[in-house]
Each structure stands twice: as C-alpha cells, then as structure tokens.
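Dock chain to chain to rebuild the complex, using the hints, since each chain is given by itself in its own frame.
So the protein sequences, as listed, match chains A and B.
Just so we're aligned: 14 in the working numbering is position 14 of the first sequence, and the numbers increase by one with no gaps anywhere.
Just so we're aligned: 49 in the working numbering is position 49 of the second sequence, and the numbers increase by one with no gaps anywhere.
Among the hints, erroneous ones may be present.
[As the list claims (entries may be wrong)] Covered stretches of chain A, as calculated for chain B (at least 3 residues, CB under 8 Å):
no. : stretch
1   : 24–35
2   : 41–52
3   : 88–96
4   : 103–109
Keep in mind the hints are simulated off the structure, nothing from the lab.
Keep in mind the model is a prediction, meaning the values are calculated, not measured.
Glycine is no exception: its CB is placed at the ideal position from the N, C-alpha and C atoms.
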Amino acid sequence: EPEVTQTPSHQVTQMGQEVILRCVPISNHLYFYWYRQILGQKVEFLVSFYNNEISEKSEIFDDQFSVERPDGSNFTLKIRSTKLEDSAMYFCASSEDNYLYNEQFFGPGTRLTVL
Amino acid sequence: AQKVTQAQTEISVVEKEDVTLDCVYETRDTTYYLFWYKQPPSGELVFLIRRNSFDEQNEISGRYSWNFQKSTSSFNFTITASQVVDSAVYFCALSEANAGNMLTFGGGTRLMVKP
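So here's chain B without its partners, still in its complex pose (with noise of 0.2 Å):
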C-alpha cells in the first residue's frame, strides 16, 4: 500500500487561478513529519514546509497555504493566484518516527500553470 499518494497526477490551470494539490498518508505512528517539495524543470528539489503531527494549525505563507487534516490523513497544498513560475512537480513526503530519517514521498503532481 502506498504511504503517500497523491492522486492527481497532473494539474493545468491559467494564471491566477487558485490550484489545490492533494495529499493523502498511512501511518500507524502517532509522531511523524509531513513534508512538501517543489521540483522545477530545472531538477533540484525544493523544501517548502515541514509539518509535525501534533500540529494541525494551517499554515500560510504568502500565496502558498497548506490545510493539515489528521482525520482525514491529509495534507493538502493551495497555491493562490497561480503564476506561470509556479508551474512544477510537487512532492509530499512522510517521515515517520520509527522509520529513520528517511523520507518517503508520494507519486508527484505535475502542475501546469498556463499564462
């Protein structure tokens, strides 16, 4: 079973629309990370946020907000106003605390953001 899936696996949008990215994980431990990542055309990846899991208070950051959920096992990803820069592959990642350090992230979607 997947720990991490992200179901969409591809997301167009034009410019200045709002987008969500879906996120959903399995865990049996009661302390774990949640994490997502940006990776442009370009490869590298790109730490965007850290949530733990005693932590469900939203997070927002500029045009960027993410939306924790325990009941539901999720941790969805919102991009306002999209722009043609936001255009990516986003990963979201788990780190468990019996797993290490290890991160294991989900399938990816890929965000199209058109002018």
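For reference, chain A alone in the conformation it holds in the complex (with noise of 0.2 Å):
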C-alpha cells in the first residue's frame, strides 16, 4: 500500500541553525501539506501546496519557513534560523485533489528539537 514517508525521523539542531525536512509523499498525489504538532497538543496546519504554488498558509508560516517540491518525488520545509519554540513534530500529508471529501494520507513525522 503506497504510503508518505518522511526522512529524518528524529532531527536535533542547535538554535539559529537551518534545517530541511523531507516528505515523499503518495507518487500520484497533487496535493501536498506540512502540520506541526507541539508535543501534547493539537496538529495544527501549516502550509498546502499544489502545481508548485502555496495554496494555503496559517499564520504560523511566516517567512522563516518555505516549502519546496525540488524534484518529482521529493516536498520540503525549510526553516531558515531555527527558535527553540519550533520544537515540535511536523507531519507531512497528501492527497489526490483538494477536494473536501478527500483524506489526507499523514507521513510519520519528523521530530525536530532545537536546542
């Protein structure tokens, strides 16, 4: 069964530094999102992203962050420098369209902690 997957699992980093998440997501998915999920609360969205473009961004993307499909397989998160309150674990998720009915197929996630 085709799954996102999501390299590293666990990222350790030092404050100010710049780290790069990976996701492979599902190979005939269109539409990509990147979630963050403080530890013992609620996942929250971050960012979707369709034919190269932002389609939806929260408040919390603010420019520290982007988010890249560089090649056919692979979307990435960037976060440029680091904060400590960027400790959290990031999901990334795709779907076939964006259309409501559709689920989204979560990865495992990447724990980021920044020292």
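So, in structure tokens, the structure goes:
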C-alpha cells in the first residue's frame, strides 16, 4: 500500500541553524501539506501546496518557513533560522486532489528538537 | 473561538468498557467534512473516518461507531468493548469548503485503556 514517507525521523539542531525536513508524498497525489504538533498539543496546519505554489498557509507559516518540490518526488519544509519554539513533530500529508472528501494521508512525522 | 473542541482531555477506562469521545465543532459553511484520527504512542496519525455535512447517518465499523448530529454540531466517537490497543490520543478534525483543504484539529482526547 502506498504511503507517505518522511526523513529524518528525528532531527536535533542548534538554535539559529537551518533545517530541511523531507517528505515523499504518494506518487499520484497532487496536493501536499505540512502540519505541526508541539509536544502534547493539537496538530496545526502550516501550509498546503499545489502545482508548485502555496495554496494556503497559516499564521504560523511566517518568513522563516518555506516549502519546495525540488523534483518529481520530494516535498520539503525549510526553517531558515530555528527557534526553541520550533521544536515539534512535523507531519507531511498528501491527497489526490483538494476536494473536501479526499483523505489526507499522513507520514510518520519528523521530530524536530531545537537546542 | 475554537473551531473543534474536544472537552475531554483524558479518559481512563478498564478493558471491555464502552467509551465515548466527544467532539463539538463550529463552522458557518454549509459544506464541510469531519474526521477522526488516532495517534498511537508511536506518533503517527491514523485516519479512522470522514463524514460530510449532508450525511447524518451514523456509522458503525466493528467496535467503532460515530454519531453525527448537526443540530448540536457534534460528531462523537464510541468504542465498544475497549481494548488495551485502543490506548491512544484521538483527534477530531474539520475541513471547510471555504478554507481550502486544510484540516483544523481539536485538542485531542487521550484514552487510556487499562487491562
């Protein structure tokens, strides 16, 4: 069964460093998403991406964040200068299209720890 | 105001008990979808069910059942004869027609099923 994969599973970085979180969405999916979950809290939407453009983004997704689809398979989230409060689990998701009924398939997450 | 409220932050039951997880949502859209996700201790998000705003039929899947009531803006989830493997955090989520395809999650309910 096709699945969304994410690497690395755990990333530790120093405050101020840049990090890139990688995701491989399901191959025939066209819509991609990043969500964040601070430890013990709810899952929060960051950004959605379609046709090489951001479709929607939340208030959390400020200038420190960027997304990219560098090739036909990867979808990345970059944090330019990490802060302590960026420590969280980051989930990538993908869906076939953006109809409301379409299930978003989530990856296993990358736990980011900023020291 | 919270769009998705899960008032029960933590529930503890003994195996074989039935348990209901509450979810109340808020939206002005007439077209929306509601979802339940399970997050086991391993951290991934597992899709359980989606329900559209035009379908108020209750659904049963094995030991799981869902009760959708538009009149009270609720989408409650019942586990019958709970098992230890049901121990997880359960998230209710909302997707609205006028908000792209982003999912808005509730705060989650941690369910602990004791043997």
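Hints versus structure:
| no. | hint | result |
| --- | --- | --- |
| 1 | 24–35 | holds (count 3) |
| 2 | 41–52 | holds (count 6) |
| 3 | 88–96 | holds (count 3) |
| 4 | 103–109 | holds (count 7) |
Taken one by one, the earlier hints all hold for this structure without exception.
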